[in-house]
Amino acid sequence: MTLSELSNILINALSGAELQLSSSCEPAVVASVTLPSMGTFIMEHTPSQIVNDGNLITPPSLRVVFDSSLVAHNESIDIILSDYRKIKRVSVESAEDELLTLIKEIKLKLLDATFVEFPGFGIIRFSEESHFVFEPDPH
Numbered sequence: 170m171t172l173s174e175l176s177n178i179l180i181n182a183l184s185g186a187e188l189q190l191s192s193s194c195e196p197a198v199v200a201s202v203t204l205p206s207m208g209t210f211i212m213e214h215t216p217s218q219i220v221n222d223g224n225l226i227t228p229p230s231l232r233v234v235f236d237s238s239l240v241a242h243n244e245s246i247d248i249i250l251s252d253y254r255k256i257k258r259v260s261v262e263s264a265e266d267e268l269l270t271l272i273k274e275i276k277l278k279l280l281d282a283t284f285v286e287f288p289g290f291g292i293i294r295f296s297e298e299s300h301f302v303f304e305p306d307p308h
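Counting from 170, one number per residue, gives the positions in the sequence shown under this note's numbering.
Keep in mind the hints are simulated off the structure, nothing from the lab.
Small disclaimer: the values here were computed from a predicted structure and weren't measured.
Cβ coordinates follow ideal geometry from the N, Cα and C atoms, glycine included.
Take these hints with a grain of salt, some might be off.
Now the in silico label distances, taken between C-beta atoms and shown as ranges [what the hints assert, rightly or not]:
1) Glu297 x Ser230: 27 to 33 Å
2) Ser260 x Asp236: 27 to 33 Å
3) Asp266 x Asp306: 25 to 31 Å
Please work from the sequences and hints to get the whole structure.
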């Protein structure tokens with residue numbers, strides 16, 4: 170599995186989720202995908218807000234955030250493995266092995282480089298506290 174393949178799978182998994190609109194001002198979690206031992210990408214919905222003493226209304230928006238504390242293997246990994254298996258026509262075991270190998274490679278690259286790019290999705294880097302930090306692609 171390559172970073173480009175993983176990026177495309179993450180983009181499809183997060184953008185394909187149905188938006189759960191919330192009437193509160195708190196962001197609603199729309200979808201999430203966990204990379205074991207790294208963290209979880211989460212698509213959040215932020216409702217429109219009235220700011221600047223009522224002079225400005227911001228539109229609702231979606232954003233991808235990354236929580237490095239959510240590292241446990243969960244059912245969202247099945248999304249990545251299923252999509253990868255469809256693309257490459259490999260077994261579940263092979264797909265999981267390739268994903269875990271890629272995660273190890275990402276971690277090793279981060280020891281040598283300042284960041285690792287997920288093409289078209291964003292970058293991951295280590296914070297000063299040695300946590301993974303995600304910066305979404307601005308496009």
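Hints versus structure:
One distance hint, 27 to 33 Å for the beta-carbon pair Glu297 and Ser230, holds here, with the actual separation near 28 Å. In this structure, Ser260 and Asp236 meet the distance hint of 27 to 33 Å, their C-beta atoms being roughly 30 Å apart. As the Cβ distance of Asp266 to Asp306 is approximately 28 Å, the hint placing it in 25 to 31 Å holds.
In this structure, none of the earlier numbered hints is contradicted; all agree with it.
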